[in-house]
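Put chain B on the given structure of chain A with help from the hints.
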Amino acid sequence: SAVISQKPSRDICQRGTSLTIQCQVDSQVTMMFWYRQQPGQSLTLIATANQGSEATYESGFVIDKFPISRPNLTFSTLTVSNMSPEDSSIYLCSVGASGVSGANVLTFGAGSRLTVL
Amino acid sequence: GNSVTQMEGPVTLSEEAFLTINCTYTATGYPSLFWYVQYPGEGLQLLLKATKADDKGSNKGFEATYRKETTSFHLEKGSVQVSDSAVYFCALSDPMDSNYQLIWGAGTKLIIKP
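Sequence order for the protein chains is A and B. Start counting the first sequence at 81; every next residue gets the next number (my numbering). Start counting the second sequence at 38; every next residue gets the next number (my numbering).
Looking at chain B on its own, in the form it has when it is part of the complex:
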């Protein structure tokens, strides 16, 4: 079945450091891939998405590229800020699924120190 594997957290970085949060997936067909972010005390927000191989999703300085050959969708940011501290979830969906079912990763907590 479909699954998503994320690197375990917490990930602790200093401000302005380079960020990578790894995400790999197992799926049949051609899933859509997402990164959601959950800031402290809040619900989840869509950060970025990609719907086909080699697509790059980007938002707020974050990027992730849909790599079908390595079944990966790693999240990157060149220079993190304290305000990026949050939990990041990788997820996938089958675009043929009209029920909006997402397969979620376990989440990676990111802590940015000033």
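Next comes chain A alone, as it looks inside the complex:
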């Protein structure tokens, strides 16, 4: 399966600032996904990033707040803009791979833990 590197692994940010999270994959993938995991919660899909097209955002997430870039088939960035304490979460990058059995399996990066003061 793909190996995903995310950075930063963690950061402490000030209210009102923006932070860009990078996701690097060791192989070419069509679809990359960005998830948010709020403290003690399950995962929520933010958006799907396809190379060469605009990201598709899920309900409740907008491009102005979470702009995404996908310049090539191995790299993507997620920016968390104008941060507030409510944005304190783990942000996870993932990619999909079709398994031999046909199941669509997600592989995740280690996550970026953001704390907003």
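Take the hints with a grain of salt, since some may be wrong.
Said to hold, decoys possible - Ranges between beta-carbon positions, derived for each pair:
1. B:Asp91 <-> A:Ile92: 45 to 53 Å
2. B:Asp91 <-> A:Ser98: 46 to 54 Å
3. A:Pro147 <-> B:Ser51: 41 to 49 Å
4. B:Thr107 <-> A:Ser149: 40 to 48 Å
5. A:Gln118 <-> B:Ala54: 29 to 37 Å
6. A:Glu134 <-> B:Glu53: 51 to 59 Å
7. A:Thr136 <-> B:Asn96: 25 to 33 Å
8. B:Thr65 <-> A:Gly140: 35 to 43 Å
9. B:Ala90 <-> A:Thr100: 40 to 48 Å
10. A:Pro147 <-> B:Pro151: 29 to 37 Å
11. A:Ser139 <-> B:Thr42: 34 to 42 Å
Said to hold, decoys possible - Below, simulated SDA-like cross-link-like pairs (lysine to any residue); rule was C-alpha separation at most 25 Å, straight line:
12. B:Lys114 <-> B:Ser95
13. A:Lys87 <-> B:Tyr67
14. B:Lys89 <-> A:Ala177
15. B:Lys114 <-> A:Ser122
16. A:Lys87 <-> B:Glu52
17. B:Lys89 <-> A:Val185
18. B:Lys97 <-> A:Ala190
19. A:Lys87 <-> B:Val124
20. B:Lys146 <-> A:Asn162
21. B:Lys146 <-> A:Glu166
22. A:Lys145 <-> A:Ala177
23. B:Lys114 <-> A:Ser168
24. B:Lys93 <-> A:Val185
25. B:Lys93 <-> A:Thr187
26. B:Lys97 <-> B:Glu45
27. B:Lys146 <-> A:Thr195
28. A:Lys87 <-> A:Glu166
29. B:Lys93 <-> B:Gly78
30. A:Lys87 <-> B:Ser95
31. A:Lys145 <-> B:Tyr137
32. A:Lys87 <-> A:Asp167
33. B:Lys146 <-> A:Ser89
34. A:Lys87 <-> B:Gln82
35. B:Lys146 <-> B:Glu52
36. B:Lys93 <-> B:Tyr67
37. B:Lys97 <-> B:Pro77
38. B:Lys105 <-> B:Asn39
39. B:Lys146 <-> A:Thr124
40. A:Lys87 <-> A:Ser98
These aren't lab readings, by the way, just hints derived from the structure by calculation. Predicted model only: the values in this text are computed from it and were never measured. Glycine included, C-beta positions come from ideal geometry on N, C-alpha and C.
Then chain B, alone, in the frame of chain A:
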């Protein structure tokens, strides 16, 4: 719509105890079912999966059987270790969905005491 329900945590057990984490689902058709594990400070890892009724997924001593009659996919391990302490997520996907959309359970935190 599709949904996944997991038993609430935290679940606290002593080392070598038997583990069951319950997971039930609601779905149309024949979803694929997954268990993911998140160790402290890390991202999620696929633990095991099953793609059709009566399939048993297994990995690292963990097992789960796809039970269509009870719409369940309970996670079991015969003898847990301290290193199994983590958060476990049950999830499902529609195999016809090319967008890799997973429906996630809320997660169950497992604490194993020596």
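Verification of the hints:
1. B:Asp91 <-> A:Ile92: 45 to 53 Å: holds (49 Å)
2. B:Asp91 <-> A:Ser98: 46 to 54 Å: Check passed, 50 Å falls within 46 to 54 Å.
3. A:Pro147 <-> B:Ser51: 41 to 49 Å: holds (48 Å)
4. B:Thr107 <-> A:Ser149: 40 to 48 Å: holds (45 Å)
5. A:Gln118 <-> B:Ala54: 29 to 37 Å: Cβ of Gln118 of chain A to Cβ of Ala54 of chain B: about 30 Å, so the range 29 to 37 Å holds.
6. A:Glu134 <-> B:Glu53: 51 to 59 Å: holds (52 Å)
7. A:Thr136 <-> B:Asn96: 25 to 33 Å: With Cβ atoms ~32 Å apart, the hint holds.
8. B:Thr65 <-> A:Gly140: 35 to 43 Å: violated (24 Å)
9. B:Ala90 <-> A:Thr100: 40 to 48 Å: Taking Cβ atoms as reference, Ala90 of chain B and Thr100 of chain A lie about 44 Å apart, which means the hint holds.
10. A:Pro147 <-> B:Pro151: 29 to 37 Å: violated (46 Å)
11. A:Ser139 <-> B:Thr42: 34 to 42 Å: For Ser139 of chain A and Thr42 of chain B the Cβ distance comes to about 21 Å; the hint is violated.
12. B:Lys114 <-> B:Ser95: At roughly 10 Å apart (the allowed maximum being 25 Å), Ser95 of chain B and Lys114 of chain B satisfy the hint.
13. A:Lys87 <-> B:Tyr67: violated (37 Å)
14. B:Lys89 <-> A:Ala177: holds (18 Å)
15. B:Lys114 <-> A:Ser122: holds (22 Å)
16. A:Lys87 <-> B:Glu52: Violated, because 35 Å separates the two Cα atoms, which is more than 25 Å.
17. B:Lys89 <-> A:Val185: Holds, at about 15 Å.
18. B:Lys97 <-> A:Ala190: With Cα atoms ~20 Å apart, Lys97 of chain B and Ala190 of chain A stay inside 25 Å; holds.
19. A:Lys87 <-> B:Val124: Satisfied, since the Cα-Cα distance of roughly 22 Å is no more than 25 Å.
20. B:Lys146 <-> A:Asn162: violated (32 Å)
21. B:Lys146 <-> A:Glu166: Holds, at roughly 23 Å.
22. A:Lys145 <-> A:Ala177: violated (28 Å)
23. B:Lys114 <-> A:Ser168: Violated. Lys114 of chain B to Ser168 of chain A sits at ~34 Å, over the 25 Å cutoff.
24. B:Lys93 <-> A:Val185: holds (16 Å)
25. B:Lys93 <-> A:Thr187: Given that 25 Å is the threshold and the Cα spacing comes to 21 Å, the pair holds.
26. B:Lys97 <-> B:Glu45: OK: Lys97 of chain B and Glu45 of chain B at ~23 Å, within 25 Å.
27. B:Lys146 <-> A:Thr195: Distance of about 22 Å is within 25 Å: holds.
28. A:Lys87 <-> A:Glu166: Measuring from Cα to Cα gives roughly 20 Å; hence the hint holds.
29. B:Lys93 <-> B:Gly78: At roughly 29 Å apart (the allowed maximum being 25 Å), Gly78 of chain B and Lys93 of chain B break the hint.
30. A:Lys87 <-> B:Ser95: Given that 25 Å is the threshold and the Cα spacing comes to 31 Å, the pair is violated.
31. A:Lys145 <-> B:Tyr137: The hint holds at about 24 Å.
32. A:Lys87 <-> A:Asp167: Holds - the C-alpha atoms of Asp167 of chain A and Lys87 of chain A are around 17 Å apart, at most 25 Å.
33. B:Lys146 <-> A:Ser89: holds (22 Å)
34. A:Lys87 <-> B:Gln82: With Cα atoms ~18 Å apart, Lys87 of chain A and Gln82 of chain B stay inside 25 Å; holds.
35. B:Lys146 <-> B:Glu52: holds (15 Å)
36. B:Lys93 <-> B:Tyr67: holds (15 Å)
37. B:Lys97 <-> B:Pro77: holds (17 Å)
38. B:Lys105 <-> B:Asn39: Distance ~14 Å between Lys105 of chain B and Asn39 of chain B Cα, so the pair holds.
39. B:Lys146 <-> A:Thr124: holds (18 Å)
40. A:Lys87 <-> A:Ser98: holds (15 Å)
Hint violations for this structure: numbers 8, 10, 11, 13, 16, 20, 22, 23, 29 and 30, all remaining hints satisfied.
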